[in-house]
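**Student:** The chain contents come next:
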Amino acid sequence: MFTNTISGRLALRKLVIFISSVLVLFYVLSPIYWIIVSSFQKEAALNFRPPLFFPNTETFTLDHYSFLFTGVVPADSTVMLQAQYTMSGTLVYPSIINSLIIALAVTVINILVGFPAGHVFSRYRFLGDQKLFAVLVSTRLLPSISIIVPMFILMQKYKLIDTKIGLIGIYSAITIPFTIWILSSYFKNLPVEYEEAARMDGCSYLNSLVKVVFPIARPGIVAAGIFAFMTAYGEFIFATVLTRTLASKTQTAVLANLASGITVSRGMISAASVLAIIPPVLLAIIFRKQIIDGLSSKLGAS
Amino acid sequence: MESTTLDKRRVLKKSSYEDKRFKQTTAFAYKMILPSVLFIVVFIAFPMFYSVSLAFQDFKYGVPTGEFIGLQNFIDIFTKSTVAPGFYNSLQVTLIFTLAAVVAVILISLGIAFLINESFPGSGLIKVSLLLPYAIPGIASAVMWNWIYDASFGVLNGLLFKMGIIDSYIAILSDKNLALWAIWFAYVWKMVPYSAFLLSAGLSTIPSSVYEAALMDRSSTFRTFFKITLPLLLPVLQLALVVQTIFALLLHFGLVFVMTGGGPGEATRTLPWLIYQESFTYTRFGRGSAMAIILSLIMIIFIYIYLVLLNPERRKARDGQ
Amino acid sequence: MSYLSLEKITKNFPGCVAVDELDLDIDQGEFIVLLGPSGCGKTTTLRIVAGLEIQSSGRVILDGKDVSDTLPEKRDMAMVFQNLALYPHMRVYENIAFYLRNMRTPKDEIEVRVRKAARLVEIEDLLERRPNQLSGGQKQRVALARALVRSPKVFLLDEPLAALDAKLRAGMRSEFKLLHRSLNELDRNMGTFVYVTHDQIEAMTLGTRVAVIYKGKVVQFSPPKELYNKPNNLFVAAFVGSPEMNLIPGTLTMNQGSAIFELHGLTFKTGIKGVEAFKHLGQETSEVVLGVRPESVFLGSLTNPDAMPFEIITIEPFGQSNFVRLRSENDLDITSLVGPDLQLKEGEIVGVIFNPEFVHYFNKQTGENCLL
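Residue numbers (our numbering), protein chains in the order written: chain H, 172 to 473; chain A, 2 to 322; chain U, 62 to 433.
Same shape as in the complex, but just chain H:
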């Protein structure tokens, strides 16, 4: 056909890339598009069969969002929906704040604790280093299901249910091994000379870590931090099980609550989802390079 010439082949390549790009974009973005559009549609419009595929100025509304933030039920909801709204009665921003605080705390802990650990694994050889590293990394493979039961019982016993500390502790334990893994492989590609020069200049180990290694290792730290933050933010199993009161719930737990409850307004739940999506997505867009490098295990380019 036209694959018998170079120019033919180049044209074919362009075509294939174009078509697959369009397909991939559609595949990846269409569900997200749909939920965003849905969150801005009046409840009545969402009950069309078939629904309106494209946003429409007539059916546009911010009611769902305003309900989530102020508790004001949309004026045009039916009686049944009104009842459902008031029954669920959740204001979303406390949960957003909870999520943010917890995720931030987990990130800070990860860096504080994982940084020296990762550094030590990468620079030194010591008794049991390989085995310990393997054990640490393998904890990531653990099903959280296995831990849920005892965790619930234990948390109850120590009165850590409904506390941020409980979740922070668990999330830290879950994310630290991955942080150590990322950082240690990142450090391996970092030249040792800087630290050695600092030691020669009289810095203690900790001093050299803080003053010399930390500034240089910023890309790796950012990547590790982002992963920890996103994992902590997006987790919902522990969050749902270990929080009872609404005030202590994280955003994901609230969403889980809404989702598993009686059929609530679809517009509202779409809006709640969009709100839950925004922080991680923003982070993903801002820190896309670090995340992609981390996912490709390309930190430092081995």
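Worth flagging that the hints you see were computed from the coordinates, not collected in a lab. A virtual CB, placed ideally from N, CA and C, is assigned to each residue, including glycine. One thing to keep in mind: the hints can contain errors.
Said to hold, decoys possible - Heads up, simulated DMTMM-like pairs for lysine to aspartate or glutamate below, C-alpha to C-alpha not over 20 Å straight-line:
id	chain 1	residue 1	chain 2	residue 2
1	H	Lys185	A	Glu213
2	U	Lys69	U	Asp127
3	A	Lys21	H	Glu364
4	H	Lys328	A	Glu68
5	U	Lys69	U	Glu155
6	U	Lys228	U	Glu246
7	H	Lys185	A	Asp77
8	H	Lys460	A	Glu68
9	H	Lys328	A	Asp59
10	U	Lys135	A	Glu213
11	U	Lys278	U	Glu134
12	U	Lys286	U	Asp86
13	H	Lys185	U	Glu114
14	U	Lys69	U	Asp88
15	H	Lys185	U	Glu305
16	A	Lys228	U	Glu155
17	A	Lys24	H	Asp300
18	A	Lys228	U	Asp84
19	U	Lys278	U	Glu155
20	A	Lys32	H	Asp247
21	A	Lys228	U	Glu134
22	U	Lys425	U	Asp260
23	U	Lys126	U	Asp84
24	U	Lys214	A	Glu213
25	U	Lys425	U	Glu323
26	U	Lys214	U	Glu68
What the hints assert, rightly or not - To be clear about the criterion: a stretch of chain U counts as covered by chain A if any three or more of its residues have a C-beta under 8 Å from a C-beta of chain A, and this derived list gives those stretches:
id	segment
27	136-144
28	160-166
Chain H is fixed; fit chains A and U onto it per the hints.
**Tutor:** Positioned in the frame of chain H, the structure of chains A and U alone reads:
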């Protein structure tokens, strides 16, 4: 003669200086690692062991009695089908789902990996877009798909109806034959980006000159893929398979939680969901923990299969050729 | 009709012109070297010949056929890549046999041809090894064998010796030469090579003709000896030859029928060559660059009236000879290559004479050799 043996011994034995330094380093290293280990021991290891012990205990009204009943919980699971509803069904559903999910994720992300490995205007946009399913919290994704699959007003039904493929809306998530596949599709959607980037990185380690050499050696597209790309990609592929299998065994939970609750009937009651039910709905923590242990064993078996089967055998096959 | 022709090949990249209307005619059985500094476009040109890079304009014609748009694998050319591009997961045997397998050659024929190619480059005992078990030189030969097994119309080599150390390079150079000769003898001119390098020693030893490439254009295309003795411009003169030619800018003047070259207060009687050069330039006095190789710079006594006074700065042993750096009163630095029996010492002032037969004059503005 004598002096050489003495020298050998001197070289082989670690000097006391090196020994001392090694011990110092070890002590120091563990000091640095201690906080991390503490977190893991307290929040993971301890509950893990507790969970294992729970599997061997008897329970009354949801409270562990401390009475050890050996393997009774395990035996109950395997033998009493009324006591532990649908364990074998769960196994079956889980295995089908895992297989289908891993195959789909790997195939699709391999295709996407080829795409993002090329540089072309807009590749940056595609990469950022690919991050979105990954970034979205699992529960948000579950809610999103739940709405798409909605039986009364969902957009999927709407699309199919408008295109004339169906004459009336289908209750997808309530259909015994469709529910699992609906979850499968939503699951694959979320997991593809992770492997796509990993595989793309693996692809990029193959120098383009190898492809050019293959081109000059008149290798067809198929041959190049199977004889050059795939073998060189094998280690990364192996990693991707292991990771995706573990994910598939566990991470579908949110989707089941939101969309089907294990139903309709037993169609989507995977092992993780069964564990959840046993533990929280029926408060039969002992059996729940026992099932969790079984799940972990299944995972270990899969990992073993990948690491052992894909490694030495490939090498033997290569050498033999 | 030449065997391989490049007609006005141009390649534009965003921001620069890599190859600029390059013309080249190559006969069958030749060993052509594309010589030039890094970034001058020689590798790009080679890849265009192979078809791995597509030209912005121009044609490639092989054995009468226009292959400008033909797919690289259909051009009947073999390429040895700079990083060798051996298939890392295959044994050497499979690396060489890959092409034959793709062409569905029967097993016994593959066996024969692979062993024949391996024998030509002396790697028969390495056939069962993997690339990562081979040394640089051995890998090099596997890459060659891979090309040889195909009996292509043209062999394309992209700086194949770049990754080897100096000693290996010297050895491989001779092997290339022998290979070229035996291919042409065995198979009636089936050894047409196009070889890219920045190493002028390689070019001079290996090439039947060398194309010096600068900024995407062929600056001179001649046999090595001609390149050495008759560089047609400044660039070639400076690039070719080790140690480098002395290049001295100055003025050429006619004085009562004989020409004089003047610089920094030094005077050099040019002889006939200067007169010719002057005629070529067509002005009363002209700015030229005088080129003279160190081996044509003689050191003698100051008593010679034509000698120019220079102080000896350093004397470095150079194999059997001595490499002398000299400086004039007005800070002109030149070099000279003299024999082993040097009685002179550093710091002495000597009389320097250029052999007028071997002096070149280049137009300062255009860089052209005035006498060619």
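**Student:** With a cut-off of 20 Å on the C-alpha distance, tell me whether Lys21/A and Glu364/H pass.
**Tutor:** violated (24 Å)
**Student:** Counting residues of the segment 136-144 of chain U whose CB is closer than 8 Å to a CB in chain A, do you get three or more?
**Tutor:** holds (count 6)
**Student:** Given the hint that Lys278/U pairs with Glu155/U, does the C-alpha gap stay at or below 20 Å?
**Tutor:** The hint is violated at about 39 Å.
**Student:** Hint check: Lys185/H vs Glu213/A, CA-CA at most 20 Å. Holds or violated?
**Tutor:** Holds: Lys185/H and Glu213/A sit about 19 Å apart, inside 20 Å.
**Student:** Does Lys214/U pair with Glu68/U here, judged by a C-alpha cut-off of 20 Å?
**Tutor:** holds (19 Å)
**Student:** Going straight from one Cα to the other, do Lys328/H and Asp59/A come out at no more than 20 Å?
**Tutor:** Roughly 19 Å separates the two Cα atoms, so the pair holds.
**Student:** Take the C-alpha atoms of Lys185/H and Glu305/U, compute the straight-line distance between them, and say whether it is at most 20 Å.
**Tutor:** Violated, at roughly 49 Å.
**Student:** Against the 20 Å threshold, does the CA-CA distance of Lys228/A and Glu134/U hold or violate the hint?
**Tutor:** At roughly 17 Å apart (the allowed maximum being 20 Å), Glu134/U and Lys228/A satisfy the hint.
**Student:** Between the alpha carbons of Lys69/U and Asp88/U, is the straight-line distance 20 Å or under?
**Tutor:** Holds. Lys69/U to Asp88/U sits at ~18 Å (cutoff 20 Å).
**Student:** Sort out whether Glu134/U lies within 20 Å of Lys278/U, counting only the CA atoms.
**Tutor:** violated (27 Å)
**Student:** With a C-beta cutoff of 8 Å, work out whether three or more residues of the segment 160-166 of chain U approach chain A closely enough for the coverage to hold.
**Tutor:** holds (count 3)
**Student:** Take a quick look at whether Lys214/U and Glu213/A sit within 20 Å of each other, Cα to Cα.
**Tutor:** Satisfied, since the Cα-Cα distance of roughly 18 Å is no more than 20 Å.
Consistency note: the structure conflicts with the earlier hints numbered 3, 5, 6, 7, 8, 11, 15, 18, 19, 20 and 22.
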